[in-house]
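Asks: Sequence:
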Amino acid sequence: MKMEHILIELFLDDDVDLNQDLEKGAKLKDLIESSKGCTIVEHEIAYAGRNGFVHGVEDCIGFGGEMDIDSNVENASEKRKFLVSLWEKICKEKIDEAYEEYMDLKSKYLKEN
Numbered sequence: 038m039k040m041e042h043i044l045i046e047l048f049l050d051d052d053v054d055l056n057q058d059l060e061k062g063a064k065l066k067d068l069i070e071s072s073k074g075c076t077i078v079e080h081e082i083a084y085a086g087r088n089g090f091v092h093g094v095e096d097c098i099g100f101g102g103e104m105d106i107d108s109n110v111e112n113a114s115e116k117r118k119f120l121v122s123l124w125e126k127i128c129k130e131k132i133d134e135a136y137e138e139y140m141d142l143k144s145k146y147l148k149e150n
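Throughout, our numbering is defined as the position within the sequence shown, counted from one, plus 37.
No lab work stands behind these hints: they were computed from the structure.
Treat each hint with caution, since some may be false.
[What the hints assert, rightly or not] Pairwise CB distance ranges (calculated):
(1) D51 x I106: 32 to 38 Å
(2) K126 x G74: 29 to 35 Å
(3) I106 x G74: 37 to 43 Å
(4) S144 x V94: 19 to 25 Å
(5) E95 x R117: 22 to 28 Å
(6) L55 x K126: 18 to 24 Å
(7) D51 x K129: 22 to 28 Å
[Claimed, not checked] Using 30 Å as the maximum straight-line C-alpha spacing, the simulated DSS-like pairs for lysine-lysine come out as follows:
(8) K131 x K143
(9) K148 x K129
(10) K116 x K126
(11) K148 x K126
(12) K39 x K64
Just so you know, even glycine gets a beta-carbon here, dropped at the ideal spot from N, CA and C.
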């Protein structure tokens, strides 16, 4: 068996409480069907908390907006491909860095407490 992770953005009515739905046993299929739509989020780094939720814009950043390249730039598609690969490299380095920092802090905390 293999494990895959996917980041999906759901569009929901304001009164929907996904945490509550998950705690009551809702499945991903049910959540997607009850949403107003969904999309797969690409080129994003995020912190997912309880139940796998990325709660706010401060918990993630995706490749887009000012990070992206203007489509009018010469060879924009080729340059964008390079920039996305650069973003991927940086994200993976930061994930490794966060893990190492956490393990160091965890060790220090456990020694002190």
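Asks: With reference to the structure, classify each hint as holding or not holding.
Replies: Results of checking the hints against the structure:
no. : hint                   : in the structure
1   : D51 x I106: 32 to 38 Å : 35 Å, holds
2   : K126 x G74: 29 to 35 Å : 32 Å, holds
3   : I106 x G74: 37 to 43 Å : 27 Å, violated
4   : S144 x V94: 19 to 25 Å : 32 Å, violated
5   : E95 x R117: 22 to 28 Å : 26 Å, holds
6   : L55 x K126: 18 to 24 Å : 32 Å, violated
7   : D51 x K129: 22 to 28 Å : 35 Å, violated
8   : K131 x K143            : 18 Å, holds
9   : K148 x K129            : 29 Å, holds
10  : K116 x K126            : 15 Å, holds
11  : K148 x K126            : 33 Å, violated
12  : K39 x K64              : 19 Å, holds
Hint compliance for this structure: hints 3, 4, 6, 7, 11 are not met, and every other hint is.
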